[in-house]
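Visitor: Sequence:
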Amino acid sequence: MYVPLRQRPIIGPLNIFGILALAGILGPVILIIADYTAAFTAPGYSIIRDSISSLALTRMGWLQTIGFLAIGLLVEIYVAGLLFNIRPRRGFHLAVVLLVFFGFGLLMTGAFHTNPAGSDPTVEGDIHGIASKAVFLIFPIAAWLISSSIKQDPRWRHLSLYTVITVILGFLLIAALYLANLIHWFGLFERLLVWNMIAWVEVTAIQLLRLSLRREYKSAA
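Under my numbering, the sequence shown has 214 at position 212, and the numbering climbs by one with no breaks.
Everything labelled a hint here was simulated from the structure, so no lab data went into it.
Worth double-checking, as some hints may not be accurate.
Claimed, not checked - As a list, the in silico EDC-like pairs of lysine to aspartate or glutamate whose alpha-carbon atoms are at most 20 Å apart: (1) Lys153 to Glu204; (2) Lys135 to Asp52; (3) Lys135 to Glu78; (4) Lys135 to Asp37.
As the list claims (entries may be wrong) - The calculated label-pair distances, taken between Cβ atoms and stated as ranges, are: (5) Ala119 to Val166: 23 to 29 Å; (6) Arg89 to Thr43: 31 to 37 Å; (7) Arg51 to Pro90: 41 to 47 Å.
Just so it is clear, CB atoms sit at the ideal spot from N, CA and C, and this is done for glycine as well.
Whole structure, please, built from the sequences with the hints as guidance.
Guide: Below you can see the structure in the form of structure tokens.
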């Protein structure tokens, strides 16, 4: 029986889509490990009060930088898996483009560091600020645009409600982020915002992995 090239095993039971799914699964895990390792080894740093970006200025900041660079690159790789495994509806291809920009924004966030508190603005700090704000805004828009395709595809439909909740939380947390700064809870709400985004990446990546394995099983049958 002929098996299309993209469905043939490359590593063990994994075909190309399984490998793309692993990129989406590993990205959030690497970021979380890097973030909390850097946070808990930085004297005086508070995950409730202090921004994620300020970790890059600490002794272990290089680790957090690697975390953002890794997830940015892996998300861009992973998005190709979504492109070929969700039946497109209106807005789908724009959503995929925005998810690519989302990954690129994460890369830029890691590559350029924020300005130290109280210091004069720098080009590097400004690029970081623009990139991080773009990431926060692009993601819920992309998830909203892709939600109709997820709802109409029987293989993904069970993630439809979760995707809509992710979109709503994304916009609510963006608004809450600015209020949180007034009560010195900026770090907590920023992390909730990031967790909301990377959790969706993780969940959809796991679904893509399941589909890739199911397809491989059927092809081999």
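Visitor: Give a verdict on every hint.
Guide: Right, here's what the structure says about each hint:
1. Lys153 to Glu204: holds, 18 Å
2. Lys135 to Asp52: holds, 17 Å
3. Lys135 to Glu78: holds, 18 Å
4. Lys135 to Asp37: holds, 19 Å
5. Ala119 to Val166: 23 to 29 Å: violated, 37 Å
6. Arg89 to Thr43: 31 to 37 Å: The hint (31 to 37 Å, Cβ to Cβ) is violated, given that Arg89 and Thr43 are roughly 45 Å apart.
7. Arg51 to Pro90: 41 to 47 Å: holds, 43 Å
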